[in-house]
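**Q** As a plain string of letters, each chain reads:
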Amino acid sequence: MSESTRRERAKEAQTAPEDDHVSGRLTRRTVLAGVAVTTAAVTVGVDTPTVAQSAISDMEAFTQLSAALTGLPAGKLAPTTDSIGIKQQYFNWLNEKEPAAFASLLNIAKRRIAENKDTAPQAMIDELRTSDSTNFLARSIVLMWYLGSWYSPANLKRLVDERSSRVPVFVPHTVISPKAYTQGWVWRIAQAHPMGYSDMQFGYWAREPAPIEDFISRTAAKGT
Amino acid sequence: MHRDHSFRLGLINILGLIALAGWSQTSSAQSPRSPTITPPAPQCNLLHDLVPDPADPTSFAKDSNGKPTLSPVDAATKDKILTSGLPCAEIQSDKGPDPAKTPIENRQRGFDFYSWLTFIAMNSPAANRKGIETSQPDTPTVWERVSLGRADDDSQNFMQLLDVMLSKRDKPKWGERIIPSSCQAQHARKPNLMVVRMIEESFNQPFKTGPLIDQRGNYAIFDILMNKVMFDYIVGNNLHTQAGQVSNKNAGLRIDFPSGQHEKDGKGDPGAIMLKVSWKILEPEDDKTKFHHVQALVAMPTSPDQQSDPPCLEKTLGLIGFHVVHKTVTRPQWIWTSFEHVDNVPEQKDVDAGNLKGSYNFYDPKCTTDCPVNQTPPRPWHPEPENKLKFRAGPDGKVFKSQITRVVPLTEATKDINDKFHSILSNTVWKNYILIGTQWPSAFPCTADRSVLPGAPLPKTDFEKQPDMNCAPAPTFLANSTLETYSQGEVPQASSSCMGCHGNATSYQRPKSPNGVYFNQSDFTFMLEKAQAKAGPKR
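Those protein sequence lines, which keep their order, are chains A and B. Position one of the first sequence corresponds to residue 1 (my numbering), numbered consecutively onward. Position one of the second sequence corresponds to residue 1 (my numbering), numbered consecutively onward.
A portion of the hints provided could be inaccurate.
Simulated pairs of lysine-lysine, DSBU-like, Cα-Cα distance not exceeding 30 Å [said to hold, decoys possible]:
no., chain 1, residue 1, chain 2, residue 2
1, B, LYS267, B, LYS420
2, B, LYS95, A, LYS179
3, B, LYS431, B, LYS420
4, B, LYS401, B, LYS431
5, B, LYS249, A, LYS87
6, B, LYS415, A, LYS87
7, A, LYS97, B, LYS349
8, B, LYS208, A, LYS179
9, B, LYS349, A, LYS222
10, A, LYS179, B, LYS415
11, B, LYS101, A, LYS87
12, A, LYS97, B, LYS101
13, B, LYS264, A, LYS222
14, B, LYS249, A, LYS222
15, B, LYS190, B, LYS530
16, B, LYS78, B, LYS267
17, B, LYS288, B, LYS415
18, B, LYS130, B, LYS415
19, B, LYS80, B, LYS290
20, B, LYS349, A, LYS179
21, B, LYS264, B, LYS95
22, B, LYS101, A, LYS117
23, B, LYS512, A, LYS222
24, B, LYS101, A, LYS179
25, B, LYS349, A, LYS87
Please keep in mind that the hints were generated in silico from the structure rather than gathered at the bench. Bear in mind that the values here come from a model prediction, so they are computed numbers and not experimental data.
My request is simple: use the sequences and hints to build the entire structure.
**A** Laid out in structure tokens, this is it:
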């Protein structure tokens with residue numbers, strides 16, 4: 001329960017299930033490094049998963065995969081008490097747009113988590129790079145979380161394939177939803193907010209921004 | 001203006017009570033001067049949606065499978081629930097008996113249960129707070145007691161905002177009403193009528209999006225009230241005038257209204273609570289028995305030429321919308337509860353399916369052509385004295401009537417809890433009111449933020465509330481069809497979110513020096529913006 005005495009409640013609040021984030025301090029550098037890792041390589045080869053990992057749900061696999069790709073805590077991407085529900089919206093979007101490649105990615109994630117949860121994040125990234133279909137969809141997922149927009153894997157591949165073209169490649173994109181627009185992590189990492197939408201306190205612009213940990217990784221109440 | 005002296009409690013008594021309760025103020029400019037006023041401690045309602053642990057009523061018992069059980073709301077528990085009083089804070093859990101429910105669904109059920117308990121406590125008879133079953137449609141409620149001239153010193157009463165934010169330098173007194181000059185003669189004859197003044201906020205919706213006109217062509221009327229805890233904080237900190245807010249003394253005040261809280265034994269205090277209500281003018285053709293209603297004097301605004309006295313109209317007002325906003329120790333972003341009358345509007349999906357009642361307060365099911373929904377009336381919007389409280393007729397002689405639908409349907413869980421509570425209110429007018437929803441801040445590390453400032457009062461709030469002022473409101477959007485009519489929907493920054501909007505509320509405070517940092521957030525209430533008097537308060 002969340003309620004008992006004031007002190008108990010404050011303590012419970014600090015350890016409530018929503019706080020069940022992946023631990024560890026994140027900085028802008030480590031987050032951006034995570035993005036770089038996921039978007040750097042182009043490799044070939046298809047690995048069709050054959051191992052069933054029924055104990056891990058598709059959503060859990062998606063959450064862990066997203067955390068590995070973005071460098072953001074799974075508990076922040078998908079809080080236990082989730083009033084926004086953006087993970088479900090992204091999950092549904094991927095299922096609709098790229099069902100086969102998405103299934104492959106989920107299989108990779110499930111298998112690697114089942115093998116070893118600690119090494120799973122890097123193992124997932126290493127494996128998904130071995131196929132264009134999973135590699136470029138992984139990039140789409142990174143951009144989805146960071147920008148709230150959809151850049152299709154085909155267009156991202158074209159960006160690589162035509163990188164020596166004299167004509168700049170235009171990569172079209174779609175804002176996934178009004179909700180997705182407000183939830184792009186790029187804004188929080190920049191200690192800012194999207195144009196036209198802010199959860200910050202009135203007058204925030206006159207003060208120093210809060211530390212980046214407060215935006216992306218803090219798991220306990222301040223001042224405690 | 002005429003002060004209503006039917007109220008028996010004098011200023012001396014108020015001050016004495018405050019002194020006994022231990023009024024304390026810090027002198028530090030950086031620490032809030034929070035009057036730690038403890039009103040006569042009520043027995044807080046500790047009921048919640050799960051069957052409690054006998055050893056700790058704020059927790060829940062587990063069955064043989066280790067799961068909680070839902071608290072029954074039925075004939076067997078009716079008396080207990082209807083007489084349980086006001087919750088001082090919410091009790092909820094992410095656990096529930098149904099494994100298919102998500103943590104947020106379980107918590108939402110807990111908050112909605114809290115909202116119904118609050119609604120029952122607020123609308124119980126002022127003269128018998130455990131007797132809502134005996135209520136008649138016109139029985140004065142707890143929150144109306146002061147407004148109807150029957151005030152006493154009970155901390156559970158409420159006062160209308162305009163009786164606090166006075167136009168002159170006087171310090172408001174708890175329970176004392178200000179009667180507009182145009183209504184004084186009628187008030188003298190009928191001192192127990194509610195008095196409503198038609199300022200812009202009384203007829204225009206948030207963000208000045210327009211008035212709401214019922215199917216008889218009358219304006220819907222809105223009113224704002226506060227409880228004694230809020231009143232004491234505002235007056236104690238001299239925030240009831242613009243002059244007080246901008247004073248150097250308040251330059252460092254970080255506004256932080258007291259929070260509701262309870263202990264396991266039920267002791268506690270309710271903290272700050274504010275109300276916003278909406279009324280429909282009931283005409284002879286209306287079935288008064290379906291509405292909770294009051295007799296009121298409605299003071300019309302002065303005519304634009306300022307030459308003639310505005311009329312003061314005696315009307316029967318039927319309750320159609322009811323917001324309760326409650327700050328609690330674990331929800332410093334407040335809890336936002338919204339009820340409305342069951343016959344206000346159809347849901348849009350019911351319109352699409354042709355599944356309609358015979359009539360609604362703000363929707364005409366017979367109008368099938370040229371009745372666009374959720375449109376604002378043609379301008380100008382202000383009520384004109386000669387039209388009384390009817391909206392003006394257009395060039396064709398017709399009076400505009402709002403055609404409103406509910407854009408976001410109630411959830412099945414909300415309908416379910418409404419059905420349960422209606423089953424125990426079936427003999428009262430209150431069965432005609434439905435919970436629309438409860439919005440609450442769902443990001444727990446965020447809501448638990450504490451100030452790092454030394455000497456900050458309990459609960460130690462992180463006043464800057466950065467980077468997230470609102471802590472993930474759940475649900476993200478919530479709109480009452482009579483109070484946020486024109487901002488329904490689910491579009492960020494455009495659609496109604498209680499916290500998303502009120503998180504931007506400010507006061508008139510300013511820093512001591514021109515280069516100082518402004519810190520004038522007003523703790524989720526726009527009430528302070530209604531302060532009028534610019535001269536200093538009378539000493």
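**Q** State for each hint whether it applies.
**A** Verification of the hints:
With a C-alpha separation of about 28 Å, the suggested pairing of LYS267 of chain B with LYS420 of chain B holds against the 30 Å cut-off. Between LYS95 of chain B and LYS179 of chain A the CA atoms are separated by roughly 27 Å; this keeps the pair inside 30 Å, and the hint holds. For the proposed pair LYS431 of chain B and LYS420 of chain B, the alpha carbon gap of about 10 Å is at most 30 Å, so the pair holds. Distance restraint check for LYS401 of chain B and LYS431 of chain B: the Cα-Cα separation of roughly 26 Å lies within the 30 Å cut-off, and the hinted pair is therefore satisfied.
Taking the CA atoms of LYS249 of chain B and LYS87 of chain A, the gap is about 48 Å. The hint is violated against a cut of 30 Å. Straight-line distance between C-alpha atoms of LYS415 of chain B and LYS87 of chain A comes to about 26 Å, which keeps the hinted pair within the 30 Å bound. The suggested pairing of LYS97 of chain A with LYS349 of chain B holds, with an alpha-carbon distance near 28 Å, which does not exceed 30 Å. Straight-line distance between C-alpha atoms of LYS208 of chain B and LYS179 of chain A comes to about 25 Å, which keeps the hinted pair within the 30 Å bound.
Note on LYS349 of chain B and LYS222 of chain A: the hinted pairing is violated, with a Cα-Cα distance of about 44 Å set against a maximum of 30 Å. For a cut-off of 30 Å, the pair hint linking LYS179 of chain A to LYS415 of chain B stands: about 25 Å separates their Cα positions. Between the alpha carbons of LYS101 of chain B and LYS87 of chain A the distance comes to roughly 17 Å, so the proposed pair stays at or under 30 Å and holds. Taken as a hint, the LYS97 of chain A and LYS101 of chain B pair is honoured in the structure, with Cα atoms around 28 Å apart against an allowance of 30 Å.
Proposed proximity of LYS264 of chain B and LYS222 of chain A is supported: the alpha carbons are some 26 Å apart, at most 30 Å. Annotation: proposed proximity of LYS249 of chain B to LYS222 of chain A holds, straight-line Cα distance about 28 Å (limit 30 Å). Of the supplied pair hints, the one linking LYS190 of chain B and LYS530 of chain B holds, its CA atoms being roughly 28 Å apart against a limit of 30 Å. A threshold of 30 Å between alpha carbons decides the hint, and for LYS78 of chain B with LYS267 of chain B the separation of about 23 Å falls inside it, so the pair holds.
Among the hinted pairs, LYS288 of chain B with LYS415 of chain B is consistent with the structure: their alpha-carbon atoms are about 25 Å apart, no more than 30 Å. For the hint pairing LYS130 of chain B with LYS415 of chain B, the CA-to-CA distance comes to about 25 Å; that is within 30 Å, so the pair holds. For a cut-off of 30 Å, the pair hint linking LYS80 of chain B to LYS290 of chain B stands: about 25 Å separates their Cα positions. For a cut-off of 30 Å, the pair hint linking LYS349 of chain B to LYS179 of chain A stands: about 22 Å separates their Cα positions.
As the CA atoms of LYS264 of chain B and LYS95 of chain B are separated by approximately 20 Å, the hinted pair is consistent with the 30 Å bound. With a C-alpha separation of about 27 Å, the suggested pair LYS101 of chain B and LYS117 of chain A falls inside the 30 Å cut-off, and the hint holds. Simply put, LYS512 of chain B and LYS222 of chain A have alpha-carbon atoms about 27 Å apart, close enough for the 30 Å limit, and the pair holds. Of the supplied pair hints, the one linking LYS101 of chain B and LYS179 of chain A holds, its CA atoms being roughly 23 Å apart against a limit of 30 Å.
At roughly 27 Å between alpha-carbon atoms, LYS349 of chain B and LYS87 of chain A fall within 30 Å of each other, so this suggested pair holds.
Going through the hint list in order, the structure does not satisfy hints 5, 9.
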